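In case you want the letters, here they are:
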Amino acid sequence: MSDTKRTDEIQGEIIHEYDGIEEADNRLPNWWLATFYGAIVFAFVYWFALHEYDSVMTPTEAYAAELADQGEGDVASEADLLALADDASAVADGQEVFSTTCAACHGDAAQGVIGPNLTDEHWLHGGSATAIYASVRDGITADQALIEGSAGMPGWAGQLGEGRVRNAVAYILSIRNTNVEGGREPEGEVYAEGGDDAEAALGEAAPDDVDAEPAEEDAESAAAENLAPTGEDLAAVEETN
Amino acid sequence: MAKPKVQLPVVPSSSLKDDGSRNFVHPADVKGRFVKARYAFFAALIVVWAVAPWVKINGNPAVFLDVVNRRFYLFGLTFNAQDAWLLFFVFSGVGLSIIFITTILGRVWCGWACPQTVFMEGVFRRIERYVEGPRNARLRRNAGPWSFDKVWRKALKHLLFVVAALFVSHVLLSFFTSMPTLLQMMGDSPTEHPAAFGWMLAVSVVLYGNFAWFREQLCVIICPYGRLQSVMTDDDSLVVGYDAIRGEPRGKAKDPEAGDCVDCKRCVVVCPTGIDIRNGLQLDCIGCTACIDACDTVMDKLGRDRGLIRYDSLNGLEHKPKRLFRPRLLLYFAIIAAWAVGAFFAFSSNDPFEANLVRLRGAPYHLIEEGTVARNLFTLHLVNKSSAEETFTIEPVAAEGLSYRIGHEEVTLGSLDGQEISVYVDVDVATFSPGDRLQLQIRRLGDDPQEQVVDAALLGPRR
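Chains as they are written, first to last, in the numbering used here: chain A, 1 to 241; chain B, 1001 to 1463.
Keep in mind that the hints are not guaranteed to be accurate.
[Unchecked claim] Listed below are several chain A residues computed to face chain B (Cβ distance under 8 Å; list not exhaustive): (1) Ile-14; (2) Ile-15; (3) Pro-29; (4) Trp-32; (5) Leu-33; (6) Phe-36; (7) Ile-40; (8) Thr-101; (9) Gln-111; (10) Pro-154.
Hints are computed from structural coordinates only; laboratory data are not their basis. Note that the coordinates shown come from a computational prediction; the quantities given were computed from them, not determined experimentally. Beta carbons are placed, not taken as given, at the ideal position from N, Cα and C, and that holds for glycine.
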């Protein structure tokens, strides 16, 4: 590095030179400096507006708020679903969804195979329209499952979409209490439409609150934690039917 | 880089002054073969760009990057988010082309095809020229008082700039919304499509600011490509340059001692980045060829040979032997050949449809029929990757001891639509052995049948 400074005709004063590579020190463009100082000012505005005085929502807060709005709009009401159960085309579509998606576990006539009988008046996770809707949409985790040895049921919202989930619920509502032949034995509590207050409250609740079921059932669900049961385990379960 | 043998008198010239303020460039008109060719090329590029969103190939837009739904239509090909890995070949292809082309042709991209140049010289500078007149008239009016003449010309120019910016931003937006959707949104109130309207407005403001004011600063200060010039070009790359040996020393046309350059400064006043090409190759030079045409015109008038400023390599400008093939080009050829082979296999492996068979989450198997049958639940995820609606059939490959139930044995899917289909298989426990697999044959019907077999492991009790 040479200490002797010289002035290049084009580049101006050369302040450094390394191995013949010269560095000049020209003034930055004024518009560039304006963006630089502007960014510093903006940083303070941003800091105070978002973090000191909370007058503007941070992206995280805005996202959470939007998510909350979405959630509210999506949830079907009891009345909506009951009205849908009277809509023949919705029920017909729901029946097709049922035969292709649900019948594997609940049986062709919803009499119950691995999953519970859907045509009796007993319900494991609530028999209100909104409770059935929540079960179909979000599923039942292995922890929540009340049938011994069961791994629960997956949530179907992702696969079927909101519309077909509702139609499936409409179909299930249309066959409630038909008590088909050869059904799986009754499980869970009796649900009477518009009757038992406790049941109605349960119906409004999310599946997380289903723990409010009898203690005996809780013990069973604890036993169901084994996600990959052996054949013997399952055979034992099935033989009890 | 070897220094020219001739010592150049240096005239500092740039779009920036020493105090950091703008030396706003007002290029003079220039006529010549390169200018003519460039305007024709700009017009062709703009037409292709503006027409592309209207063209449909196989019923889909020729260019439609539906970012919101992650569906991408490019010249008859269709891609979804799962194809994002192909972008590796797109980006590496662009990178390799830049290196390869720059090595041979220098910054031909900047001068002929870069959107900044195409719209600046082909649209905005034209508007300015027609409304405000030639360089000297513009300079005189700018320096003068705010007369009625100055006000209406400036107002009209900026109005036309806004219209042009709106046009460019709308066509640009249609690449992401498709033209029918854009036209429909344009008919609606802006409040119905706040996001699209916001984008349109933001893009328009940026374009207007860029072309009305920022201009060559983008090329000179912001664009990284110009800064790579010194590493990508060598002494044999094509550049726009001044033949100092022929031109120096500068002098009067009648002076027998002087070189061919008469120091008329036409090359400086026509330069859109405000530089003096006679100072040698510099990163501010976008290779626009305006100075070539300007100098050729002067040489024609003087009866001297054209090409005092010309397209040539640095070696050529020093009257040294020129060469096209050099070791680095062979290396680039080898790399590009490897890229082409990889890209060919990557793009030809782009299946006409996607089929994934996965076990239902959290459900290994269930024993039914008093333990004699193990029921396995699966979901088949089928996506039609082609550009047209297609019908698919799903059929199990028969195997002993298995019985099947398939949610839909035939599905019709629109382009890039997908469906999840429940599949369950009853396995006869008596014949089951671990390692047995379920195989499904998926066929695409129609004129161009395609098939694919997907499989998944079956589970059952060990005996």
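Notebook entry, point to check: Once the shortest beta carbon distance from A/Ile-14 to chain B is found, is it less than 8 Å?
Noted result: violated (14 Å)
Check: Would the stated hint for A/Ile-15 survive a check requiring a Cβ distance to chain B of less than 8 Å?
Finding: Violated. Min distance 15 Å.
Note to self: Just to be careful: measuring from the Cβ of A/Ile-40 to every Cβ in chain B, is the smallest value less than 8 Å?
What the structure shows: Hint on A/Ile-40: violated, closest Cβ of chain B at ~18 Å, above 8 Å.
Next item on the list: Hold the hint about A/Leu-33 up to the distance rule: shortest CB distance to chain B must be less than 8 Å.
Entry: It holds, given that the least Cβ distance between A/Leu-33 and chain B is near 7 Å, below 8 Å.
Notebook entry, point to check: Should the interface hint for A/Thr-101 be scored as holding, given a Cβ-Cβ cut-off of 8 Å against chain B?
Noted result: holds (5 Å)
Checklist line | Status of the hint placing A/Gln-111 at chain B (closest C-beta pair under 8 Å) | finding: Violated, because the Cβ-Cβ distance from A/Gln-111 to chain B comes to roughly 13 Å (cut-off 8 Å).
Checklist line | Satisfaction of the A/Trp-32 interface hint, Cβ to chain B closer than 8 Å | finding: This hint holds: A/Trp-32 lies near chain B, its Cβ roughly 7 Å from the closest one there, short of 8 Å.
Item checked: When the least beta-carbon distance from A/Phe-36 to chain B is tested against 8 Å, hint result -> Since the shortest Cβ distance to chain B is 12 Å, the answer is violated.
Notebook entry, point to check: Should the interface hint for A/Pro-29 be scored as holding, given a Cβ-Cβ cut-off of 8 Å against chain B?
Noted result: holds (6 Å)
Next item on the list: Would you settle whether the hint for A/Pro-154 is holds or violated, based on the nearest Cβ-Cβ distance to chain B being less than 8 Å?
Entry: At 5 Å from the nearest chain B Cβ, A/Pro-154 passes the 8 Å test, so the hint holds.
Violated hints, listed in ascending order, are 1, 2, 6, 7, 9; each of the other numbered hints is respected by the structure.
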